[in-house]
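S.K.: Protein chains in written order, with the numbering used here: chain Y, 209 to 509; chain B, 209 to 509; chain P, 209 to 509; chain G, 209 to 509.
Hints were generated in silico from the structure; no laboratory data involved.
If you're wondering where the values come from, they're calculated on a predicted model, not measured in any experiment.
Mixed in with the good hints there might be a few duds.
No copy labels: a pair is met if it fits in one copy or bridges any two.
To be verified - The calculated lysine-lysine pairs, modelled on BS3-like cross-linking and capped at a C-alpha distance of 30 Å, are:
#: 1; residue 1: K253; residue 2: K369
#: 2; residue 1: K366; residue 2: K235
#: 3; residue 1: K340; residue 2: K263
#: 4; residue 1: K398; residue 2: K356
#: 5; residue 1: K234; residue 2: K369
#: 6; residue 1: K398; residue 2: K280
#: 7; residue 1: K253; residue 2: K398
#: 8; residue 1: K226; residue 2: K265
#: 9; residue 1: K227; residue 2: K340
#: 10; residue 1: K213; residue 2: K398
#: 11; residue 1: K213; residue 2: K227
#: 12; residue 1: K343; residue 2: K263
#: 13; residue 1: K369; residue 2: K235
#: 14; residue 1: K366; residue 2: K227
#: 15; residue 1: K227; residue 2: K246
#: 16; residue 1: K356; residue 2: K415
#: 17; residue 1: K227; residue 2: K398
#: 18; residue 1: K398; residue 2: K235
#: 19; residue 1: K366; residue 2: K444
#: 20; residue 1: K444; residue 2: K340
#: 21; residue 1: K347; residue 2: K263
Number of protein chains: 4
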Amino acid sequence: MTIIKQNSPVLFFYNDSKKWLMNISKKESLHTHIGVLKHADAIGKEYGSRLMTNKDKYVYLLEPTMYDYIMKIQHGTQIVYPKDLGYIAARAGIQDGQKILEIGTGSGSMTSFVASIVKPRGHVYTFDVDEKFMKIAEKNIRRAGVSKYVTQTNLDLKISKEIPVTEMDVALIDLGDPWVVLPKVRQMLKGSGCIFAICPTMNQLEKLTIALVENEFTDIESTEHIIRTIAAREGKTRHSFQGIGHTTYLCFARKAFFGRKAKTTKAKTTKAKTTKAKTTKAKTTKAKTTKAKTTKKSVKN
Amino acid sequence: MTIIKQNSPVLFFYNDSKKWLMNISKKESLHTHIGVLKHADAIGKEYGSRLMTNKDKYVYLLEPTMYDYIMKIQHGTQIVYPKDLGYIAARAGIQDGQKILEIGTGSGSMTSFVASIVKPRGHVYTFDVDEKFMKIAEKNIRRAGVSKYVTQTNLDLKISKEIPVTEMDVALIDLGDPWVVLPKVRQMLKGSGCIFAICPTMNQLEKLTIALVENEFTDIESTEHIIRTIAAREGKTRHSFQGIGHTTYLCFARKAFFGRKAKTTKAKTTKAKTTKAKTTKAKTTKAKTTKAKTTKKSVKN
Amino acid sequence: MTIIKQNSPVLFFYNDSKKWLMNISKKESLHTHIGVLKHADAIGKEYGSRLMTNKDKYVYLLEPTMYDYIMKIQHGTQIVYPKDLGYIAARAGIQDGQKILEIGTGSGSMTSFVASIVKPRGHVYTFDVDEKFMKIAEKNIRRAGVSKYVTQTNLDLKISKEIPVTEMDVALIDLGDPWVVLPKVRQMLKGSGCIFAICPTMNQLEKLTIALVENEFTDIESTEHIIRTIAAREGKTRHSFQGIGHTTYLCFARKAFFGRKAKTTKAKTTKAKTTKAKTTKAKTTKAKTTKAKTTKKSVKN
Amino acid sequence: MTIIKQNSPVLFFYNDSKKWLMNISKKESLHTHIGVLKHADAIGKEYGSRLMTNKDKYVYLLEPTMYDYIMKIQHGTQIVYPKDLGYIAARAGIQDGQKILEIGTGSGSMTSFVASIVKPRGHVYTFDVDEKFMKIAEKNIRRAGVSKYVTQTNLDLKISKEIPVTEMDVALIDLGDPWVVLPKVRQMLKGSGCIFAICPTMNQLEKLTIALVENEFTDIESTEHIIRTIAAREGKTRHSFQGIGHTTYLCFARKAFFGRKAKTTKAKTTKAKTTKAKTTKAKTTKAKTTKAKTTKKSVKN
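Next comes chain Y alone, as it looks inside the complex (with noise of 0.2 Å):
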């Protein structure tokens, strides 16, 4: 049984779309429309237990799950969503120990999600260059309680040169344009390591599984993903009247080795200098760098 304390993360959940995410404070409150909640009535009580407002409305007292943060997060940033996250987890079959590569932390939700489940002996190397997302990103990282697992460098994989980490159980790109990395992220993966890329448009899809193919990637697929909500009511049941859109797409695919010509120059990979779930700038390279002479193959359709 656990009891809620000074500092202990809550969810104070009215709905699914009223809900709130935060830390006790003892002398705070929690001023909404359905009323005043003070956080000083929440210690002492049981996950899951209810408070009323000063208006009458019951609230729970929930556990936050990585959902709920990932959901959080969501507000203000574009986000990967649950249903697609779970598909990720599943199909490329992430579990504990496995080592993840992310390109594109964006506002640090999947790779959150990804961490929670590598953890504890598996770990998530994420890579961005936009200095600014990369501090919401370790806020809401912290906040998930993975930085642990989570190593954020600041790096442009696009044009860097170096191979900062190798042998990849997964890796996954959020980028405008995955396909450009694809060469560098071969290198970084193991042999028959999963990759999957988040592609909005249906042109990322089609531009990315051409790349794949070149890159000797197999076992390629693409999905989209489409939740919908019933309302389960006694004699009246039927889908929800509001619709949930599009998101994204999705492309998996594995590594493979099609045996071509490939002049394949040994790679010697360096470690970025990197920090765990610290932004910083992946300034120099110590070692014998990396002539990341990315495999280069000469490839038809």
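Once you have looked at the hints, place chains B, P and G on chain Y.
M.R.: Quick look at chains B, P and G alone, frame taken from chain Y:
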């Protein structure tokens, strides 16, 4: 770089509908209508490499993911599909370290998937009544490599008075009549804990939703998940001609306390005699048995 | 080339969510938040031309189609949407010359749509019990230009013993409890005639389907129709972000003869006193009664 | 009451996937794997009646609707499906009396459907270049009973300089490259007239949308239509397991006048030598031929 050895699991992948999952066994061959492959030829190769059959078809040697194990289970029994499993994980925020209750082990596909996420510190307690099915599940779970994180018990939670586990983070129910076990599930779940039920029909959603309210659950949500495949090809990208039909609806909720006049009887929990991933019959149970007087409530609508 | 004149109907079209349907009236102006337009400026122009508002926005002067009339009705009442209407027409094979029975006139949107297809040789007989609604419907039907092909009658077919029409090609039912009128509808339909019921809930589909079998209908089909809008734009084509939610399910069937022990009662049909597109109370009925040998069946519930 | 006679069209209906459409021919029998039926036994029966095969299976004698004719055509060629046809009719407001232009007759399914709606006062002018297909279409159109309302012409509107028809209410285009004929279609459409193009790929939608703007069309809308079948059964209602996949996307628009510096040349229209529902080669065209200088516009985005 992971090299395929004797006994290594390999997904021989030709395309999405022609793929074979097996362990490498030096002296065996894979006979398919696209030709024959000798297992021995795979040994020493890196995952992701390809072999040519005696009919000149290329087959990729992929490292099986949890997805592959689940889809393999599919052949022969009804499974919960990755699109649904993924949402379950994402919506309930399943992650490393959690304790999961599963009622209705079925073929073990959901069991395996969930175990792969909560491991190494979490655990799945799964219950079923059909011995034959339990053996199949046991084999599938072992094959998926997660036996260590699963405890299978032959116990009918619909009628048993035992409370074999408590303080579960998440309860997964795959029964025809999930509402029957709700009072008991409630006792096994921690406060604010999540429940997910696999409901193939609308009628189940309806009945379950009513029962969830009666049993003091909140954040109740019924959904269905549609996956559409897109054939992304240069200049002619479109959705796939073959559609994906109905698999199941999902019903989610979280345990709350409505503070009803509940003359709550302290249910003393007892442990069913279970065995790690062995299907044993939970015959007796020692203990000061469980009066399991499930928090009777007087409820309206 | 059709020129807009005084009294011509015009759809002032700015975009899909900003459009106004009205008849040209020399001295009037259209006041919108995208500016003001004088009706007089439209006169003499060809349909399809555009005018500029005093805020420099272009508005197209489109010739209203039946679609525009139906979507116009939408504002204020619940309508059957074009995506559903279209399927009804296509599945039931509605065409010129047919006689259509409609139970539940509602706002007259379905009435108008169907009338526009069966005219000039067909006719729609529509029944409702709500006088206020009938007046609204009458106005909408007139506006859509199909009054001549519609007979509105105030008659409760759930309780009335009259059989006001017979040998209908198609019956459209928009009632909360469509199963109640099935035996009667059967008497009004020709052999092999089609039925379509608007069923917003799954429970209605279920009850109706059972009743359709009991009432000797075949080719029973329940469907739902999802329309998704695609934002087709150069280099970034994708589905629209806003989704379309649930409108209604549809239930289709065709009248058959199961040859059950049918102790056929001669049901004497009478004609309700109806008026062409006038909402009059069907008091008495003259008439050389219709022998409407309505194959009475012994049916339960 | 309509009685089946020699030569009457009958849909022998066993279930949705086992049904046969044919004209009654006294001496013939229907041989199926559910048994044999003599046509003669159907004569004298009312539509909707049933016959028993020599294998004790009941088959219903339904009066074919336009839907049945279209679904019959399906076997062998690609058709536009009722779900899509219905939306076309509803969105474009197709109704009695309209003149319809169709480019790409195909198997004649859309032709027949549309003709059944615009008859008796309207007409469908349909153009194709494939003589073999035109013959098939001719047969299908005749079978559907609407030859009188259809004029088939063998003319390649992509290259021809003729403007065989004008002031069309609606234009339906079923070509791989619909944008090619847009300038010409524009000349044949009345102001504010509607266009619908059958576009199986996203790329077609994208190209066509760009071309529609360039050719001064407004109210442009791309959609896809998903039909889901529901198995409504007592106590276990759910969506059908088999899914319906992609058929086509649809692109709609209406002809407008953007008032661009258009040095509009009066296009003198000429009538292609056509024949009512006969597939004749439009050889010559008398007339002061058509300079068809398709209102060249200088357009940006």
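S.K.: Does each hint fit the structure? Answer for all of them.
M.R.: Each hint tested on the structure:
no., hint, result
1, K253 - K369, "between (54 Å within a copy, 28 Å between copies)"
2, K366 - K235, "neither (48 Å within a copy, 46 Å between copies)"
3, K340 - K263, "neither (40 Å within a copy, 39 Å between copies)"
4, K398 - K356, "both (23 Å within a copy, 26 Å between copies)"
5, K234 - K369, "neither (51 Å within a copy, 41 Å between copies)"
6, K398 - K280, "between (33 Å within a copy, 23 Å between copies)"
7, K253 - K398, "between (48 Å within a copy, 13 Å between copies)"
8, K226 - K265, "within (12 Å within a copy, 38 Å between copies)"
9, K227 - K340, "within (27 Å within a copy, 42 Å between copies)"
10, K213 - K398, "between (44 Å within a copy, 16 Å between copies)"
11, K213 - K227, "within (19 Å within a copy, 52 Å between copies)"
12, K343 - K263, "neither (38 Å within a copy, 43 Å between copies)"
13, K369 - K235, "neither (52 Å within a copy, 44 Å between copies)"
14, K366 - K227, "neither (39 Å within a copy, 34 Å between copies)"
15, K227 - K246, "within (15 Å within a copy, 48 Å between copies)"
16, K356 - K415, "neither (36 Å within a copy, 43 Å between copies)"
17, K227 - K398, "between (41 Å within a copy, 21 Å between copies)"
18, K398 - K235, "between (51 Å within a copy, 27 Å between copies)"
19, K366 - K444, "between (53 Å within a copy, 21 Å between copies)"
20, K444 - K340, "between (48 Å within a copy, 26 Å between copies)"
21, K347 - K263, "neither (33 Å within a copy, 45 Å between copies)"
In this structure, the earlier hints numbered 2, 3, 5, 12, 13, 14, 16, 21 are contradicted, and the remaining ones agree with it.
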